[in-house]
Amino acid sequence: MRRISIQERPNWRKSAEDSGFAYHSMDGLTYWDERAYYAFTMRQIEDDLEAPSQEMHALAMEVADRAVRDEEMLFRLAIPENAWDTVRESYRRGDPSLYGRFDFAYDGRGPAKLLEYNADTPTALYEASCFQWSWLEDLIAAGKLPAEADQFNSIHDRLVAAITDIAQGRKLHGSCMKGAEEDLGTVSYVQDCASLAGLETSFVAVEEIGLLQDGRFCDASSEAIEVLFKLYPWEWMLRDNYAADIAKTETRFIEPPWKAILSNKGLLPLMWDIAPGHPNLLPAFFEDDQQKWQLGESFAKKPLFSREGANILLVRNGTVLDSATGSYGGEGYIRQGLADIPCLDGNYPVIGSWIIAGESAGIGIREDSSPITKNDSRFVPHAIIG
Amino acid sequence: MAGVAVLGYFWFSQNEAEPEMEGTIYTSMDDCLYAGSDAATCKARFDEATEAYKKTAPRFVSLQDCERDFGAGACTPANTAAATAATLPNVNGSSASAPTTNSETTASSETRSYFMPAMMGFMAARMMSGGNMQQSYTASPLYGCNGAASGAGGRCYTGASGRSYYGSAGSRTVKAPVSEFRSNANRSFRVVSRGASVRSAASPVASRGGFGGSSRSYSGSSYGG
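These protein sequence lines map, in sequence, to chains A and B. Sequential numbering of the first sequence, starting at 1, is according to this note's numbering. Sequential numbering of the second sequence, starting at 1, is according to this note's numbering.
Bear in mind the hints are in silico, worked out from the structure with no lab data behind them. Errors might be hidden in some of the hints.
Chain A is faced by these chain B residues, among others (derived, beta-carbon under 8 angstroms) [stated by the list, open to error]:
id : residue
1  : Lys55
2  : Thr56
3  : Gly73
4  : Tyr223
Beta-carbon label-pair distances, calculated as ranges [said to hold, decoys possible]:
id : chain 1 : residue 1 : chain 2 : residue 2 : range
5  : B       : Gly213    : A       : Glu223    : 48 to 54 angstroms
6  : B       : Tyr218    : A       : Ala142    : 38 to 44 angstroms
7  : A       : Glu8      : B       : Val205    : 48 to 54 angstroms
8  : A       : Ile274    : B       : Gly73     : 58 to 64 angstroms
9  : B       : Val205    : A       : Arg9      : 44 to 50 angstroms
Using N, Cα and C, we set each Cβ at its ideal position, and we do this for glycine too.
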């Protein structure tokens, strides 16, 4: 895999804003970065990314299947006990999942290594599905990329189809926290996909969701919510005041409650438990598991719940390689083998691999100037050439 | 009673303040045939409307709520409705019926009984998409219509989107405002239906603001990862 410098398109910022991608730069810092792109061969995509993503999805679903039968696993995953029935019932009902994003370390040669799974509230969706695709088309049209250049990306079409299946004609409400500008961009995009599927949609801020006497949740105008796409994580929903009302409600959620099993880093030691030595897995243990000493003096210590790299500690040969501040860690930590994230031109790329309705659908790449991917990492497009 | 069926055409103009949509209502297969369409086309439209009906007709917990929306006598128990889905009598008295499936066996199968508006007919809309002359048809179910003494507007029907249509006296050409389709101007559009939501009597709000509290120690432009 190569990182190739290339000229930015003139006026790309204007076309981003025109299509609603307002968060292309955040607080003055570059986010969408098209000064370079990553080039893959088709073999690398199919063998090293697409197939392993599908396998990791299957393995994660195996964890979910066991966890709904094993209360110790639910306990290890720090799911509150009074939410166990909600989670199990959601799984048994077969509540459909829309999406998730695996993060892999990959250098183009060895097997991709799973760093973590964003199974509940993955971000960088619009960038991966639409904006990098139009980047590719523009560059091919301008002759800057060969006409046969491609991209591992069928995310948008699969999203629209999946939303159609999940909503079954019902109205879809999109929701995120007030003031979360980047999340609003993602929610608006999902609502647009729903409109393309012929559905009615509207928005409700998380803080404004109400509860009707019949048990359904409602929006700011007290209209019942039938299907709620929420960019707000289950570990918080299940600890909020309305947690007790989730089990009985007719409102359906995207992602559904059973995703709480997969949406914390406790998933990683549980996957290692089922498939130790799998080429795409890094060894992983819960922090209070004595087996963690197998990792020796090189490891990554990660809170069960954290986002954007917060509170992650990387240690190599006993020396701190990188660390990030934050307020997570209260629910415990895992310890994972250290991945070799390649450094290309001073950048550390992480491959985000999207699973849409259970199928490997495409990738988006974020790179950082340090090995921990934080909130100010940059999204860089990719192409399949050769 | 088969009336004269006039096939109007739809167009959507962004210049009009309240653009209108025209289409044809059929209360029976015979209506459709009488209008000059062939049997295969009529059956295809009928089947499409029937499928849409089975998937998306609104369901009510109480008969009164259903009749409030669709008119006295317009509603039927859901299991009966499913069994006789879109059985429209034609002039000879025999029925053109679609294959029935019991759409009540859903994943969350508690045996509740619901009421649904019966399918009184179907509507075929011909539309031109965008600026080119491409035409496509879409067929959707029609239900009864409450209140609204029609007068010169003719008989009232409720379409799948909840909008009312009136057949003008002596013909079946109907007009209805289509402002809800404004954003779909450049796409061939279909009637958007509300889905199989169970509408119980309007439920009062019990409380508000029960989500969001756990995020107190975090703030940023994204709560995702």
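Here is how each hint holds up against the structure:
1. The closest approach between the C-beta of B/Lys55 and any C-beta of chain A is roughly 6 angstroms, which is under the 8 angstroms cut-off, so the hint is satisfied.
2. Because the closest C-beta pair between B/Thr56 and chain A is about 5 angstroms apart, less than 8 angstroms, the hint holds.
3. The interface hint given for B/Gly73 is violated, since its Cβ lies 26 angstroms from the closest Cβ of chain A, which is over the 8 angstroms cut-off.
4. The interface hint given for B/Tyr223 is met, as the beta carbon of that residue sits about 5 angstroms from the closest beta carbon of chain A, less than 8 angstroms.
5. With their beta carbons about 23 angstroms apart, B/Gly213 and A/Glu223 fall outside the hinted range of 48 to 54 angstroms.
6. Evaluation of the 38 to 44 angstroms hint for B/Tyr218 and A/Ala142 yields a pass: the beta carbon distance comes to about 42 angstroms.
7. Take A/Glu8 and B/Val205: their Cβ atoms lie about 50 angstroms apart, and the range 48 to 54 angstroms holds.
8. For A/Ile274 paired with B/Gly73, a C-beta distance near 60 angstroms keeps the hint of 58 to 64 angstroms intact.
9. Between B/Val205 and A/Arg9 the CB atoms are about 49 angstroms apart, so this pair conforms to the stated range of 44 to 50 angstroms.
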